[in-house]
Amino acid sequence: MRVSLSYRLIPLLLFALLLFGGGAPLRASEPALVLKVQGLPNDSATDPASMAEQRVVSAFRQRHPGIEIRGAEGLRVENMNSEAMTMMMIAGGIAPDIIRMNFRSSDTYIRQGIAAPLDAFLKEAASAGDDILATVPPQILPVLRKSGPDGVPQVYGLPGPLMVSSLFFNKELFRRAGLPARAPKDWEELAAFAQKIKALGPRVHGLALPAGASASFHLMNFIRSAGGDAVAEVGLDEWRATFNTPEALEAYLFYYRLVEVDQTAWRTSRALTPEELRSVGMMFRYVGDTVQLDPELWGFGPVPRGPHGDGGSEINASILAIFSGIREPQRLRAAWEYLRFITSEEANRLRIETLVELGQASQINPVALRKYGFQEALMMSQPGLEADFAQALAEGKPEPYGKNCNLIYLEMTYPLDQILLSPRIRQAWAAGDMASVREQAQAILNQAVAKTNERMIGHIPPETMQFRRRVTLALVVGIALGFAGVALYVLRAFTRSAAMVPRPVATRRSFVPWLCLLPALGLMLVWDYIPLLRGAVLALQDYQVLRPSAFVGLDNFANVLFDAGFWNSLLATAYFAGLKLTFGFAAPIALAYMLHLIPRHKLLYRTVYYLPAVISGTAVYFLWKALFDGEGVLNQALRLFGFEATRAWTQDPYLAMLSCVIPGIWATAGPGCLIYLAALKTIPEEQFEAAEIDGAGFWRKTISIVFPGLKALIIINFIGAVAAALQTSANILIMTGGGPNGATTVTALLIFTEAFTRLRFGTATAMAWILGSMLLGFTVIQLRRLSAMEFKTVR
Amino acid sequence: MFFSPIAERSFRVRVFYKAIYTLLFLGSLSMVIPLVIMLGSSFEPGVRFTDSPFFPSYLVREGPLWKRYIEARYKNESEAVRMAWASAAVELEHLPTPAIDAAANARWREFLKETKPPEFLFRAGFSGVSAAIPYYYNREFRLWLRKRYGSIGEVNQALGTTYRIFEAIQPPNLTLSGAALSHTPLLEHYLEFCRTEVPASRKIAWNAAGYYRSVFLPRTLGEEISAYNLRFGTDYTSYAEVPFPETAPEVAREPWLEFVTRFLRPDYVGLTPAGQERLRTSGVGQAEFIRLLAQPEDLRVLTLDRQFATWAQARHGEAGATIPQFSLDSEAFQNEKGFWRKTFLTQNYRYVVDEVLLHGRAMWNTLVLVFLKVGGALLVNPLAAYALSRFKLRRTYHLLLFFLVTIAFPAEVTMIPAFLQLKDFNLLNTFWALVLPGLANGFSIFLLKGFFDSLPKELYEAAEIDGASEWRMFWIITMSLSKPILAVIALNAFVSAYGAFFYALIVCPDPRMWTIMVYLYQLQASATSSIVYASLILTAIPTLLVFILCQNVILRGIAVPTEK
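Read top to bottom, the protein sequences are chains A and B. Residues in the first sequence are numbered from 1 upward in steps of one, following this note's numbering. Residues in the second sequence are numbered from 1 upward in steps of one, following this note's numbering.
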């Protein structure tokens with residue numbers, strides 16, 4: 001007995017050992033000064049841009065042998081942008097020491113207190129005769145100098161090499177189409193060129209534009225060249241969205257024309273393959289970081305001018321900043337040294353020198369070539385390009401950098417998708433009724449701007465806010481009362497059912513049961529109940545990752561309740577749950593019934609339907625995503641039957657939700673039917689025989705015998721299925737990322753993105769509580785049913 | 001029997017059965033077809049051709065194999081084929097069928113044997129920088145480095161690099177015209193690897209003339225030869241006939257000059273005596289001299305095809321001989337069909353093994369996680385259920401309620417605070433974070449309690465009389481009599497631990513803690529769908545094994561609720 005006991009203890013010991021031991025190696029301390037740097041090129045990368053960066057980094061290493069520079073690349077999650085990943089790294093406690101932010105995200109980083117202020121270092125450098133800010137182009141200064149969390153304006157980052165948005169053109173296609181070897185000068189020329197290129201063949205596209213959640217990134221070029229902008233600063237640190245101005249409207253409509261009317265622009269959410277690149281006439285990219293395009297094939301010019309002669313070139317750069325979480329002065333100093341060097345003129349010169357040596361001169365901004373003295377490389381670039389770029393740089397504007405502008409492209413894409421998909425605009429355009437087109441589009445834009453002002457910039461008139469707070473208070477009090485009532489009800493239901501059940505056998509030692517209960521009770525307390533309470537507190541806070549959070553009362557709830565996006569997500573959730581329950585819930589029941597009925601081949605069919613289960617959980621969605629792809633098997637099959645299907649199912653507004661539901665049905669019908677099969681076996685055969693004698697047919701037997709036999713199971717499972725359907729988020733993130741145009745953004749996914757990509761834990765938790773309170777009714781029924789049931793295994 | 005034996009034979013019932021069988025059959029097709037597509041496509045080595053999603057056609061037919069062979073040999077670039085074959089028209093989608101010109105091949109070999117051209121004029125086929133396709137010699141190169149240096153640390157020492165894992169090593173980037181972007185130890189090693197490890201039949205000669213004729217001229221002057229003829233007053237019928245002379249020609253001098261000074265790698269360009277003289281007085285390096293200062297008369301082309309043409313003229317009196325790369329490829333293809341079939345068949349799987357299974361600590365992490373999760377679920381929940389079932393506690397039903405109420409809240413409500421709590425406890429990036437939350441499951445406890453309640457009480461009474469301890473009774477009686485339901489709970493724990501990637505990604509963003517599924521997720525963001533399919537199949541194997549092993553136990557363990 002002793003022996004067998006210790007045998008049983010072995011797994012326990014192993015368990016404890018692994019739990020402690022498994023985590024231990026990660027706690028090993030690192031050498032004193034390892035700087036984790038974001039955006040460091042991969043060592044194995046051999047593309048020119050990476051090689052230039054590698055050279056800059058190794059120059060730094062030579063100069064500071066005591067500092068080890070290491071890349072801090074974390075995870076990639078599809079359908080999630082790079083800022084979100086940085087946020088997750090910070091939230092996840094593996095923040096890099098040197099953060100790379102772009103213009104639109106800089107405000108968020110600064111406001112959240114993630115970037116450390118640099119004024120002290122700058123002052124020190126200036127007193128040593130090194131006026132760093134003097135070398136920064138004047139347009140960029142306001143991006144760097146912001147009021148931080150403490151409200152004092154300071155410089156929070158330094159820019160890397162400048163980039164200018166430009167239009168690239170495919171020299172080969174331009175030549176074949178008989179076009180001049182230069183980028184189009186203005187919109188009309190762009191449209192005309194695109195048409196000529198499209199005429200070359202069925203799979204040739206005039207202009208490639210990105211699709212997906214940030215599609216408006218390239219629309220921005222048109223808005224700027226029409227003379228508009230995405231946001232404007234109306235007061236000190238006060239921003240308003242402005243993409244509903246007449247200029248912006250023009251840009252949206254020009255985009256519409258290229259995509260839907262001329263059909264010369266091709267939208268895709270993937271990176272283009274080399275073969276696809278060869279069939280694309282033009283595309284927008286930045287010049288300045290090398291573009292990895294074959295300079296023999298691609299030329300470039302500034303963004304074409306708009307109808308009023310405005311230039312649309314946007315200036316951008318990576319901003320490097322120091323993570324504010326660094327505590328040790330030594331590390332802070334090292335980070336500063338790195339930051340200083342990597343953004344210095346010396347480093348820029350080194351980069352350009354490397355690129356010129358690698359034969360990439362024709363892809364470097366000609367203005368920069370001259371600045372760093374590569375005159376002979378300049379001879380190779382197109383005539384006139386330098387003058388064009390000098391002007392583009394002079395009149396170029398930085399990427400939107402106002403409050404929460406990291407979301408600006410998301411916000412501008414909603415109306416873009418709406419306009420592109422609107423049947424009324426399509427009809428009006430076809431009828432040539434441009435006044436109506438404008439009116440419709442303007443309405444969409446006005447609505448979107450109002451939403452953006454509220455959601456992104458957080459501008460809500462005070463009286464509106466007052467009203468919202470009152471409504472919310474009433475609602476929350478109602479919910480709380482509901483909760484209390486429900487809690488009492490459940491408690492009573494259980495106590496009543498407890499009275500009916502015989503007590504278990506008595507026993508001698510009273511501490512033993514508590515010892516047995518301790519692990520489960522403890523775990524549940526710590527990982528369910530305490531988080532529940534913390535969540536309730538969190539929902540009342542404006543949660544800050546790195547700084548103390550302030551209580552904001554019910555504002556989070558108010559913001560959520562008056563956010564159309566939240567209600568839309570509830571609609572999407574209802575739609576998703578509807579589809580899932582109609583098809584996904586019924587499928588295993590029907591399957592089990594059929595398997596139960598058939599006299600032969602039961603085992604064969606059961607096995608076949610069970611097969612998909614071997615592909616574990618989420619992997620099912622990877623498989624189906626590949627099948628649903630534009631060039632995937634399903635579309636190929638449709639083409640065989642004569643349907644012209646080119647769009648991926650997951651990008652189609654009508655099919656997207658269905659494509660999120662189908663994989664689940666496919667994977668769970670087989671495993672799900674087993675329990676129904678078992679339940680069907682418990683129905684005594686005599687009942688069928690008796691019914692037969694009474695002359696009952698198939699339906700009669702189904703309704704009178706089979707259904708009552710399965711009822712308990714169906715109800716239990718249905719409630720479980722409802723709860724599960726309302727909580728699905730990861731699968732949808734994989735399939736569609738919530739798009740197109742938010743069509744598949746269910747509430748659970750919205751909560752996820754709100755929390756982990758926007759780091760707004762407060763509103764996210766508020767959403768979760770509202771969703772939870774809606775679910776409560778269901779779960780109460782479930783609990784009550786459970787209290788009146790017992791489970792038996794079928795042999 | 002649902003129908004009586006007599007009714008079974010009636011027409012209506014038979015039609016009814018037929019309908020059910022038809023439905024079941026159609027349904028099972030929809031179950032199986034995606035799996036078959038997945039399996040069939042997982043053997044596709046390239047990205048370009050998908051002529052049969054159900055079965056790798058190159059296994060039985062030569063045409064598809066040839067296409068894939070050339071696609072892999074020329075790293076999926078039509079232009080590389082055009083350059084090597086000096087044929088302006090060829091596209092990977094429309095390849096000529098293989099044809100061997102034995103005499104030309106023999107002459108080429110004779111030339112190689114006699115003149116022994118420098119090794120850098122050749123490169124390995126089946127190799128190239130690509131995130132999408134795992135080329136054969138990329139992997140061989142890594143294995144060669146591993147064999148030579150043993151550990152990645154040694155490799156870094158020798159190459160002056162900072163790789164963390166062997167999989168990150170890619171061959172150096174070589175441009176189409178053969179130039180390496182920079183001379184690094186990596187390039188030196190790669191050239192040595194090509195010299196010693198790659199057989200001649202799998203090498204490709206840098207055919208500068210081929211590039212000039214089939215890529216450079218059509219691109220700069222116009223795709224049709226007429227553009228060239230019109231401009232220079234010639235009457236060639238295709239670009240293949242355009243000469244690529246050693247020194248600057250009288251006719252068509254500008255494109256020759258542009259090509260030699262701007263596109264050819266400097267190793268290929270020599271100087272005439274006049275050019276040598278001018279270089280001496282210019283005071284710049286040779287490369288810069290060629291690029292910027294040289295006069296047309298100063299330059300001489302030293303490319304391999306040029307040497308071959310000169311040699312063939314002198315030796316066999318044959319004018320205008322070109323490298324018979326197409327014929328050489330055809331011959332190599334005929335000789336090595338079996339090898340490439342095998343390689344293409346296993347290529348994606350080898351890649352997945354390297355990138356997912358053997359990546360970092362993926363296997364170990366997965367193993368530990370599954371063990372902890374299954375072990376934990378099988379310990380914590382039965383213990384609690386045992387206490388509730390066996391002992392008379394005043395608050396039994398309140399305790400049960402305590403466990404069950406947590407089902408009422410959507411996971412999202414606790415997700416964020418639980419994440420922040422993990423962060424506060426400093427548990428992110430540890431196994432604790434993966435295992436502890438959700439280990440105690442109210443529904444499991446409820447299920448187990450119901451099951452334990454149904455066990456005969458006499459057993460416990462007898463054991464008590466024998467003086468057995470509680471611990472022993474728990475194991476010997478309760479646990480060993482509840483195997484089916486425990487198997488179900490264990491299986492659920494296994495599936496959720498093995499398949500979870502999303503939660504794992506959030507609470508363990510550190511790559512050192514990633515499990516197989518997290519790597520799989522990272523892989524599918526960049527890899528071709530064939531590789532994704534291969535990875536899905538490989539990762540399904542453990543699940544399949546567990547299912548097969550547990551199947552019978554599970555089918556008995558299904559708990560059906562009935563109303564009391």
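Treat the hints with caution; some may be incorrect.
Stated by the list, open to error - If the Cβ cut is set under 8 Å, some of the chain B residues that face chain A in the computed set are:
1. Ser28
2. Met38
3. Leu39
4. Ser52
5. Gly63
6. Pro98
7. Pro243
8. Leu393
9. Phe403
10. Thr543
Hints listed in this document are in silico derivations from the structure and should not be mistaken for laboratory results. Nothing here was measured: the structure is a model prediction, and the numbers come from that model. Backbone N, C-alpha and C fix where the C-beta goes; we use that ideal spot for every residue, glycine too.
Hints, one by one, checked against the model:
1. Ser28: Result: holds, 4 Å to nearest chain A Cβ.
2. Met38: The hint holds - Met38 (chain B) has a Cβ within 8 Å of chain A, the shortest such distance being about 6 Å.
3. Leu39: violated, 11 Å
4. Ser52: Hint violated; Ser52 (chain B) Cβ to chain A Cβ min 11 Å, cut 8 Å.
5. Gly63: violated, 20 Å
6. Pro98: Since chain A brings no Cβ nearer than about 23 Å to Pro98 (chain B), farther than 8 Å, the hint is violated.
7. Pro243: violated, 22 Å
8. Leu393: Result: holds, 6 Å to nearest chain A Cβ.
9. Phe403: This hint holds: Phe403 (chain B) lies near chain A, its Cβ roughly 6 Å from the closest one there, short of 8 Å.
10. Thr543: For Thr543 (chain B), the interface hint holds, since the closest Cβ of chain A sits about 5 Å away, which is under 8 Å.
Comparing the model with each numbered hint stated earlier shows that hints 3, 4, 5, 6 and 7 do not hold.
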